[in-house]
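Protein sequence lines correspond, in order, to chains A and B. Counting in the numbering used here, the first sequence runs from -15 upward without gaps. Counting in the numbering used here, the second sequence runs from -15 upward without gaps.
Hint data in this document are derived by calculation from the structure and do not stem from the laboratory. Among the clues, some could well be false.
Copies of the same chain look alike in the list, so a pair counts if it works inside one copy or between any two.
Keeping only pairs whose Cα atoms sit at most 16 Å apart, straight-line, the calculated EDC-like set for lysine to aspartate or glutamate is [what the hints assert, rightly or not]: (1) 248 <-> 220; (2) 283 <-> 271; (3) 247 <-> 90; (4) 257 <-> 291; (5) 248 <-> 273; (6) 60 <-> 90; (7) 223 <-> 124; (8) -8 <-> 252; (9) 283 <-> 273; (10) 60 <-> -2; (11) 248 <-> 202.
Protein chains: 2
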Amino acid sequence: MPPDPLVKGLLSGDRIALAKLITDVESGSPRASEALRTVYARTGRSTVVGFAGPLGVGKSSLISRLVRYLRTEGLKVGVVAVDPSSPFSGGAVLGDRVRLDLPRGDKGVFVRSMATRGQAGGLAQGTRDTVRLMEAFGMDVVIVETVGSGQSDVNIRDVATTRVVVLVPHLGDDIQSLKAGLFEIADIFAVNKSDLPGSAEAVRHLREMTTIMSPRSDWRPDVTECSALNATGIEELWKKIQRHEDFVRKESSAHQESRDRLKKELRELLQRKLEERLRSMLLEDGEVEEWARQVEEGKIDPYTGSDRIVQRLSGQGRSKTVSRRSPRLDKGARPRG
Amino acid sequence: MPPDPLVKGLLSGDRIALAKLITDVESGSPRASEALRTVYARTGRSTVVGFAGPLGVGKSSLISRLVRYLRTEGLKVGVVAVDPSSPFSGGAVLGDRVRLDLPRGDKGVFVRSMATRGQAGGLAQGTRDTVRLMEAFGMDVVIVETVGSGQSDVNIRDVATTRVVVLVPHLGDDIQSLKAGLFEIADIFAVNKSDLPGSAEAVRHLREMTTIMSPRSDWRPDVTECSALNATGIEELWKKIQRHEDFVRKESSAHQESRDRLKKELRELLQRKLEERLRSMLLEDGEVEEWARQVEEGKIDPYTGSDRIVQRLSGQGRSKTVSRRSPRLDKGARPRG
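Just chain A, with the same shape it has in the complex (with noise of 0.2 Å):
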């Protein structure tokens, strides 16, 4: 197959090709699968990073401030933006930063929101494929901003290396949030707006969680103060996003964290693609449609009616014919409920 002049664009730093690419992912064009398979061996180098937390804690700001830095220290970047209420979504497709103090016109920074609903491939998969996308297009660092907790969110565990969880000085819910799930899933904690009173309470107060809770016992998660008001603290939270990544390149735990990540992208497509298998042969494979037929009108009853199409599926019973077992005997009855 010739390579597709979009994936040529992308790898060659085109934005145009990649915007185009992440809508393909997110409309589950077959086009992104085939540019995903040619570019999965140009990604998993870049530094992934995760910031997860509750609303109002500024998110948003403290990722525009660590942007503008690694810009400076000529690091590429790209944002992912899976939170509706971020001032990063809003579907703009080449980045809408006019709420956000991002460098303008800069070419090393590429912002993209996802759309929280009509994800062809479901979020998870969208936002993982959008990340692998941005690595390929060559950005050094690739940031992905969510609420971190809550069902209908994609759980940052699954798509970052290093999770950075940012809370305020006494944020009423912080204990609430870390209950939610966001403690477990910490490698840093960023203690924003730490002009505020309390932050150096906040922050010992983390750490000695963090003695006492650990739930892992090789990475105690980094506790750092910042704001990105002031743009104070951020080179810090960036050299510990850096402290991390070097433990996930060493630390064999780690190695497990990744291959668990996999494992579990690899059952979700299993199961996405075996439910669009099912559907195309209902609506398909004449004798697949046949037995829902009977089924529907109670000649043959779902259990058997539904083994028989697994089994079709799985590519035995090709030959058989369809049977018209147990054709129903109370022929006035009402119709089966």
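Since the structure of chain A is provided, determine the placement of chain B on it from the hints.
Structure of chain B alone, referenced to chain A:
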């Protein structure tokens, strides 16, 4: 295959056999599906009535009254309680009637509450199967009690041919509940606690609503008053149920609904069986295991890996050897994310 003694027991009215088979259904035992296949031709002829409605409207008391009335009419009645807050519930295997005014020691009544968790085949399927076992047992009427709305709930549309929505006069949540989907499912509205003031107005109001909003052109929901406390309106309620059952027997739209119900069941069964098959292949099929391992290790991409496994599941690619393409070039790199 020699007939299962439990099935023989079920068909000859052995209550222990019925109880054991329901337990088999809940645990997903193969014995249960075999039994259901065997008795399927004997199902679909009972009157299956669903009772739904908000908390506190007295669904369970009303059902108790209806059961007593039906017994005086010589009808055998099964009750399946899916509502976890129902007094019928509580996991009693042979029917917990302690808090309910049901005839004790009466062999013509069987009450079973469904565990809302840990149902091997899903709660909806467990309810369908339990209803069928009760039909095969010889119940003339099977009553299913659910909350009737909400996500984790069994959709009463999937199991019952006649749906009774129970409300009370001046219930603050009335309109709310109706908006929450109860209006669309109701074949009959039963305004319980008709002894309370405002009952006649509530009935009038509901009648108006059914005139204006009725979602179906061929059936306008009946509205009836009753009081579980004073045992009034129970016979009238049963007459309305029978009127709807007569309608269902005759109308083609009701036949279509029955087909849709079976179609949905078939889809759910298929999905579950495919998931099971996938799970067992990932554990037991050497080639599938090998592909999964290569994906986890980053040796092949998850898109290609999932394609090959789906092909394998479909009986293709059986003799292909596992290719070891695209070995990672960056041996020392961080594990993949």
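How would you classify residue 248 and residue 220 at a CA-CA limit of 16 Å: within, between, both, or neither?
-> Answer is neither: 33 Å inside a copy and 55 Å across each miss the 16 Å cutoff.
Copy assignment of residue 223 with residue 124, given that the CA separation must stay at most 16 Å = within (15 Å within a copy, 73 Å between copies)
Checking residue 248 and residue 202: alpha-carbon separation at most 16 Å within a copy, between copies, both or neither?
-> Neither, since 23 Å and 48 Å both go past 16 Å.
Same-copy or cross-copy closeness of residue 283 to residue 273 [CA-CA at most 16 Å] = Only inside one copy: residue 283 and residue 273 sit 14 Å apart there, 39 Å across copies, limit 16 Å.
Measure nothing new, just compare the shortest in-copy and cross-copy C-alpha distances for residue 60 and residue -2 to 16 Å and report within, between, both or neither.
-> within (14 Å within a copy, 74 Å between copies)
Tell me, please, which holds for residue -8 and residue 252 at an alpha-carbon limit of 16 Å: within, between, both or neither?
-> neither (28 Å within a copy, 43 Å between copies)
Copy assignment of residue 283 with residue 271, given that the CA separation must stay at most 16 Å | within (15 Å within a copy, 38 Å between copies)
16 Å Cα cut-off: does residue 248 pair with residue 273 within a copy, between copies, both or neither?
-> between (32 Å within a copy, 14 Å between copies)
Can you give me the call for residue 247 and residue 90, within, between, both or neither, at a CA distance of at most 16 Å?
-> For residue 247 and residue 90, the Cα distance exceeds 16 Å both inside one copy (36 Å) and across copies (54 Å).
When no copy is named, should residue 60 and residue 90 be tagged within, between, both, or neither for a Cα gap of at most 16 Å?
-> Within one copy, since 10 Å is at most 16 Å while 77 Å is not.
With identical chains treated as interchangeable, where does the CA-CA distance between residue 257 and residue 291 reach 16 Å or less: within a copy, between copies, both, or neither?
-> between (19 Å within a copy, 8 Å between copies)
Hints 1, 3, 8, 11 from the list above are not met by this structure, while the remaining hints are.
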